[in-house]
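Asker: Please take these sequences and the hints and turn them into a complete structure.
Which chain is which? The protein sequence lines are D and U, in order.
Quick note: the first sequence uses numbering that gives the first Met the number 0, first residue 0, plus one each step.
Quick note: the second sequence uses numbering that gives the first Met the number 0, first residue 0, plus one each step.
No wet-lab data here; the hints were simulated from the structure.
Watch out, some of these pointers could steer you wrong.
[Unchecked claim] Some chain D residues judged to face chain U by a derived CB distance under 7 angstroms, without partners named: (1) S13; (2) S40; (3) I56.
Even glycine gets a Cβ: it sits at the ideal position worked out from N, Cα and C.
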Amino acid sequence: MHLPALRFGTPYESLEKTPLVHFLTGELVAEVSQTGGAMLSRDLRHAQRARESLRAIDPLEMVRRLKKAGSLYAEAALPVGDSQQTPEDFVRQQSATTGLPETLCRANMQKNLFVLSNMDRMLDALTRGLPMEILSQGWGREKRGVIVSYQANSPVLGLVLPSNSPGVHTLWLPVIALGVGLVMKPGGQEPWTPYRMAAAMIQAGIPAEAIGLYPGATDVGAAVLAGCRRSMIFGSTQTVELYRANPNVQVHGPGFSKIILGDDLVDRWPEYLDVMVESVAVNSGRGCINASAIWASRHTKEIAAAIAERLGPMDVKPPDDPDSTLAAFTIPGAAAALWKQIEAGMNTPGVEHMTAAYGSRFVEGERCGWLRPVVVHASSPEPSIAKAEYMFPFVSVVSCPQEKMLDAIGSTLVCTAITENPSFRSALADSILIDRLNYGPIPTTRLDWLQPHEGNIVDFLYRSRALQLPAQPVAAAS
Amino acid sequence: MLDRVSRLSTFGSMPFVHFWSVIFTIILMSTTAAKSSVFEVANDTQIAESKKKLDAHTAEMVAWHFHPSTGCPFWLEYATSLSFDPLKEIRCYADLTKFPPFEDEWLRGGPMRRWVPRGKADQPLYVFETGGTTGIPKSRVNMRDFRTDYEQFSDTLSEEYFPKGANWLMLGPSGPRRLRLSIEHLAQHRGGMSFCIDLDPRWVIKLIQKGWMEHLEAYKQHCIDQAITILEAGHEVRCMFTTPKLLESLALSLEKRGTTIRKMGITGIFSGGTEFTPQWTRFAVEELLDGAFMTPTYGNTLMGLAASRPVIPADGYTIAYYAPQPRAVIEVVDFKNTNEVVPYGGTGRVKLTTLTHETFVPGFLERDEGEREHPYVKYPWDGISGVRPFHELSSSTTVGVY
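Answerer: Pasting the structure below:
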């Protein structure tokens, strides 16, 4: 199978191609054509055409086509690269190159389908009920009679997509509906979702010239960020720091999502054990929305032991096993290096490895490695491992007095606050360290897609500005 | 290790117009070797003659570098530690494997005079550096080698694309590298002059390592702006040396101004770097150059310049280089047994040997790898294609930075 680049709808086959191989067998799964930063920079001269092609479509019709794209993505055989790809082909291919179990690939497909199927509701929520024609035309009158105007900050959104987390694609799916084109640098190991989604959208009637797929090396990512006036990048803490102050870039990195048990409810912790386990382990712990820490002022050792009892026995299974839940680290040596780092972190005063009794955590394969779930207990927030996040089911259960938690938790993408204490709830709501806040026992991984995620994509892509019309016709000056 | 920026192609002398007719002829004439079948492979006689010449040259150079009256202090002292006498036992090129591997660390630090052959002691010296972003750079003394290398290169350039008397733009790394002086000499040798831009690759690498990408972009643009100023200033610049990254930036900047490299008067470019892949070459030819001629080159401070076969679509834009034998030799050797060349088409590490009166470097293992290529009629000795950073070092090597 060959995946060509898609230069705003025009396939491009490069001379050199990057092989994608099966993480277990090394068997060739596909070859991907490669572009370069300069090629992308040249093509961005035509970015405005992408937006114009989308604005030519009635907003309601656009939503209809995206819903159809969702169905095609989830159910149809689609032309992807030089092959026809069924949904099962997609699942097998994605699993083969990312190391994700096939069950998780299917689950991520359903997430994407949900977002596309509910695009009208999502847009209504994200725009706070703004008639879609206003974004399309640039201005209009709201139901309350007020004239409003919005400008697109960029004709296209640039995306530097990750290799290791197919769950993130839901974030960019509304972009086309907002009349903004897509310029994507697919993840090296996970081109599958962008390619299949592009194929589904084009088949559903979205103009091909609105979508660019530019596989390549790091210079392509740099060109995306330099050339698109709005872009989104997924990366490490270092990446986040690099782009944090850049208003043109929405950067998605580690989430450091947490569950906080308030003093009022912590004694009832066994009732919330399922929420905690799901938050840590679902999707093989790969998401930024997976909980990497659970904070409470007491019972922390018992909580850690209970989670360890549930997660500790989880073991590696073949990727096509319906019960497989752990993803592989497909980069040779990555799992071993991470395990070494974790072992060093656990070898610190006040830190206890709670899953030690459930067998070796590091599983070495011929071409890859796995890490089985790790639960650690930290007697205070001080040890560095109390604030660590890894891309597998890993959680630190941290003992900390409630009154000190908000000063100590650090950046938190999703915070599930299990408390009914009004003043604590109020303090949590005020904390600018927390992005998404769940009041009550909601797993951190259960996102309401009608809520904004790490900033409202509409606010990122559009700028509200003034537009005035004369109240009465004004006579021309003589 | 050494600057991967200077490269050479003798088929730079081939105008596009009859380029294709020649290629067609070559295709018809092709006889052996699947990969190089679109070219005329050197015959056995030619190969044997070149080997004979190399063997004689090797013996002559060893005699020079290890004779007390002409050799440099480093090699004369080193000879005392050897279990053999180079003057007696090095009779041909293959004998050079008797030397232990050349350690590139020897090139760091002073005194530089230890590398100056006594037979050249009265000549003005240049010191050229490579690396050095952190720590002590590696250095090589030069008297006239860089001029000789570029004069030989000049003979390969076509009048149509690199006209005599034309002025040059040197848009590449400057400072302590030999490239800036070499390009200037090339321009002078051809009757023109060279306009130069300052570019400090050590600062560029630091910007990348620090993640200061905005500064990196600004510095690059600073260089490009200067280049455009020169091109717009009526200096009649027709020829250029640049690197792939800077060529891209220049082309894109000119395009934003509604013009192209060709429309600015540039007719011939030579360029180099390990990111000089067939795909990049195709992209440049199809989308950046607007008809200007470009020839890839491979080289470094130790070797000089390696010529390339014609780079054409019919050969998948394969870029195959041939060292300037007998002054320098490229071998593609087994990763483990570096005294053994890999089979034709096989992948191995680049091993360089420099054999000039100014410099003797036997069996230097470069930080590059590639595929061994058949001898080409114009260069009847082994070549190399697909040059890229050596895979065991590539994660610690910053390439394609300027």
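Asker: Would you mind marking each hint as holding or not holding in the structure?
Answerer: Hints versus structure:
no.	hint	in the structure
1	S13	holds (5 angstroms)
2	S40	holds (5 angstroms)
3	I56	violated (30 angstroms)
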